[in-house]
Amino acid sequence: MLKVFETEIIESSELSPSTYIVKINGSISYEPGQFVMVSLLEQFSILPRPFSIFYAENGNFSILFKVFGGWTKKLAESPKNTKVRVVGPCGTGFISAMKRYKITHSPSKILFIAGGLGIASLFSSMIHFSKEQKVLIFGGRTQQDIIIRDRIESVPNLDVHITTQDGSLGTKGVVTDVLYNIPFDDFDIALCCGPVPMIKALKEFWDRQAVKVPLLCSMEERMACGIGICFSCVVKTSDNYKLCCKYGPVFLHSELIL
Amino acid sequence: MQNWFKAEIGNIKFESPVILASGTAGYGIELEGIVDFTKIGGIVTKGISMRDRQGNPPPRISEFSINGTTIGLLNSIGLQNPGVKHFTEKILPQIMRLPTMVIVNVFGETEKEYAEVIKFIENESDTPPHAYELNLSCPNTEKGGIEFGVNTKSVAKIVRKTRKVTKRPIIVKFSPFSEIIKNLMKTAIDEGADAFTLVNSIPAAVRDQKGFFFKGGLSGPVLKPIALRCIIEAKEKFPDAKIIGCGGIYSEKDAVEFLDAGAILIQIGTANFLDPQIGHRIAEKLINYFKEKSQR
Ligand SMILES: Cc1cc2nc3c(=O)[nH]c(=O)nc-3n(C[C@H](O)[C@H](O)[C@H](O)COP(=O)(O)OP(=O)(O)OC[C@H]3O[C@@H](n4cnc5c(N)ncnc54)[C@H](O)[C@@H]3O)c2cc1C
Ligand SMILES: Cc1cc2nc3c(=O)[nH]c(=O)nc-3n(C[C@H](O)[C@H](O)[C@H](O)COP(=O)(O)O)c2cc1C
Ligand code: FES
Chain A
891 MLKVFETEII
901 ESSELSPSTY
911 IVKINGSISY
921 EPGQFVMVSL
931 LEQFSILPRP
941 FSIFYAENGN
951 FSILFKVFGG
961 WTKKLAESPK
971 NTKVRVVGPC
981 GTGFISAMKR
991 YKITHSPSKI
1001 LFIAGGLGIA
1011 SLFSSMIHFS
1021 KEQKVLIFGG
1031 RTQQDIIIRD
1041 RIESVPNLDV
1051 HITTQDGSLG
1061 TKGVVTDVLY
1071 NIPFDDFDIA
1081 LCCGPVPMIK
1091 ALKEFWDRQA
1101 VKVPLLCSME
1111 ERMACGIGIC
1121 FSCVVKTSDN
1131 YKLCCKYGPV
1141 FLHSELIL
Chain B
7 MQNWFKAEIG
17 NIKFESPVIL
27 ASGTAGYGIE
37 LEGIVDFTKI
47 GGIVTKGISM
57 RDRQGNPPPR
67 ISEFSINGTT
77 IGLLNSIGLQ
87 NPGVKHFTEK
97 ILPQIMRLPT
107 MVIVNVFGET
117 EKEYAEVIKF
127 IENESDTPPH
137 AYELNLSCPN
147 TEKGGIEFGV
157 NTKSVAKIVR
167 KTRKVTKRPI
177 IVKFSPFSEI
187 IKNLMKTAID
197 EGADAFTLVN
207 SIPAAVRDQK
217 GFFFKGGLSG
227 PVLKPIALRC
237 IIEAKEKFPD
247 AKIIGCGGIY
257 SEKDAVEFLD
267 AGAILIQIGT
277 ANFLDPQIGH
287 RIAEKLINYF
297 KEKSQR
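First to last, the protein sequences are chains A and B.
Per the numbering used here, residue 891 is the first one in the first sequence, and the count goes up by one each step.
Per the numbering used here, residue 7 is the first one in the second sequence, and the count goes up by one each step.
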């Protein structure tokens, strides 16, 4: 259930230059694909910031993030014990979205497609479906974008394909290049998260190749509240604008207008 | 929490001085289970118009900062709403279950539309709201809103027409232009307005990282001194006017400044985004202020 609580950072670690994992005290019961709104109590900022729930264990949860601008820089510099406010879990995650779109509840084979930081949102789904057969296509610009490889390797029943645009790791190219080799008939569902150009390319691929497997896309839009009270976070769909923080962040590819 | 506070506008009574401002608390129902509505004086809905409106394309928000600290929010939502029919049938009955005063914020593209919206609700609703707030100050639409709120004739017409279709309190919401407010308040009072919300966001623009200019209504801490000035001057000219203070309130201290400046109630807007519980938290802290005031 959605709640608002004040707590503190219990651990902060730098994964690679400008990418961090921050562990926050407090238990949160969430489903994969949901996110939290975070604010720093001691440094005023007019808006909280949205982050996918990357991982949760007893009594704490983590977010995985990259420094983009001022706010994320402050978070990266925040040491242990820094006080934060958390609003969450927010949004409709992958499981509820599967229900909404009447997609099978118990898929036996799942395709994951992550672009860079998009892995933060998909990782907990991979853990959630640990028993099922899974394939992950993970793309980035360079090998530096291919983060948390050790954690990904420890996920059971997972085949991983890596692509980098400069060829520094895995196949040289973009995620759609690998898709041509995927036997789609074997899969019940595909989940993706990444930059908008990637999602756009995937949607085009799905349409062009007439892929039947439902593709659930986790979207990002600028958010002020994360809980449906400001109407700022709209995503264009075939049925008008929808709130990314409430109806989303998970959308079915066929309803998105990108 | 009862009996520490009383304020009246027309025939309605508020039991807490804190109201959640239009556009920053959805329709209230999104906050069930998060906000303690028994500690809140009321909520103002997102603006409602006759027909449904899609609103503006994203991005709809941008921040204004100085030396890395954000002090203002610009929004350009474009009054997205499902239209008065859907609102009255599907949403209003749910809002009216909340244990607080419900004020419907009304928007029109034409002078007539304000009264049409209210008339529709009055005729069709089994669960009418407690009051109406007229948004004569939306900075984000091509037609209506702020265009009317700076024009004496428009204010007169809109208030007169809405007064004819409802007995419930009518609250007029103005933009933060102090001189204009002073001139228009008399007109609105003469036509039957019961109270004023001072102020709405101020038209502004910022240049974003990619070099684009983002135009929207500026709210948040940067608006506070401007809002205070509007209230002080309005109060000097119209000592009996009932004023609801709004603009950059983030703490009990901010709220007290507005109350001391002459507001009888306050609205919290942008601060709800940082902490959706800030309304009832501020209300709890204001209890002492009012207890001390009553003993003075
Ligand atoms: C549902 C959701 C989940 C997210 N999950 C993650 C995650 O797990 N890890 C991660 O690193 N990032 C995530 N993001 C993106 C993250 O919120 C932004 O990177 C962060 O807000 C940037 O803040 P900033 O001040 O550092 O950068 P800024 O300089 O303000 O902006 C950098 C970029 O972030 C975007 N942005 C700015 N403000 C907001 C806002 N209020 N809401 C959303 N985006 C904004 C802008 O479009 C801009 O392109 C997520 C966003 C959403 C909507
Ligand atoms: C995202 C957003 C949406 C708003 N929508 C409306 C609206 O529909 N009608 C209205 O009268 N005011 C609207 N406002 C203005 C607020 O109600 C309030 O007057 C203004 O933001 C100043 O107060 P604040 O600084 O506390 O936010 C909106 C403000 C924001 C930030
Ligand atoms: S972020 Fe406020 S409605 Fe979605």
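Don't read these hints as lab results, they were simulated from the structure.
There may be inaccurate statements among the hints.
Unchecked claim - List of simulated lysine to any residue pairs, SDA-like, C-alpha gap at most 25 Å:
id, chain 1, residue 1, chain 2, residue 2
1, B, Lys297, B, Ala13
2, A, Lys970, B, Thr75
3, A, Lys973, B, Glu122
4, B, Lys291, A, Arg975
5, A, Lys956, B, Glu115
6, B, Lys96, A, Leu892
7, B, Lys291, A, Leu931
8, B, Lys291, A, Glu898
9, A, Lys1132, B, Glu115
10, B, Lys192, B, Thr75
11, A, Lys963, B, Ile195
12, B, Lys216, A, Lys1062
13, A, Lys893, B, Lys216
14, A, Lys1062, A, Glu947
Structure-based check of each hint:
no.	hint	result
1	B/Lys297 x B/Ala13	holds, 14 Å
2	A/Lys970 x B/Thr75	holds, 22 Å
3	A/Lys973 x B/Glu122	violated, 49 Å
4	B/Lys291 x A/Arg975	holds, 19 Å
5	A/Lys956 x B/Glu115	violated, 43 Å
6	B/Lys96 x A/Leu892	holds, 23 Å
7	B/Lys291 x A/Leu931	holds, 18 Å
8	B/Lys291 x A/Glu898	holds, 24 Å
9	A/Lys1132 x B/Glu115	holds, 24 Å
10	B/Lys192 x B/Thr75	violated, 39 Å
11	A/Lys963 x B/Ile195	violated, 50 Å
12	B/Lys216 x A/Lys1062	violated, 29 Å
13	A/Lys893 x B/Lys216	violated, 35 Å
14	A/Lys1062 x A/Glu947	violated, 36 Å
Of the hints listed earlier, those the structure fails to meet are numbers 3, 5, 10, 11, 12, 13, 14, in rising order.
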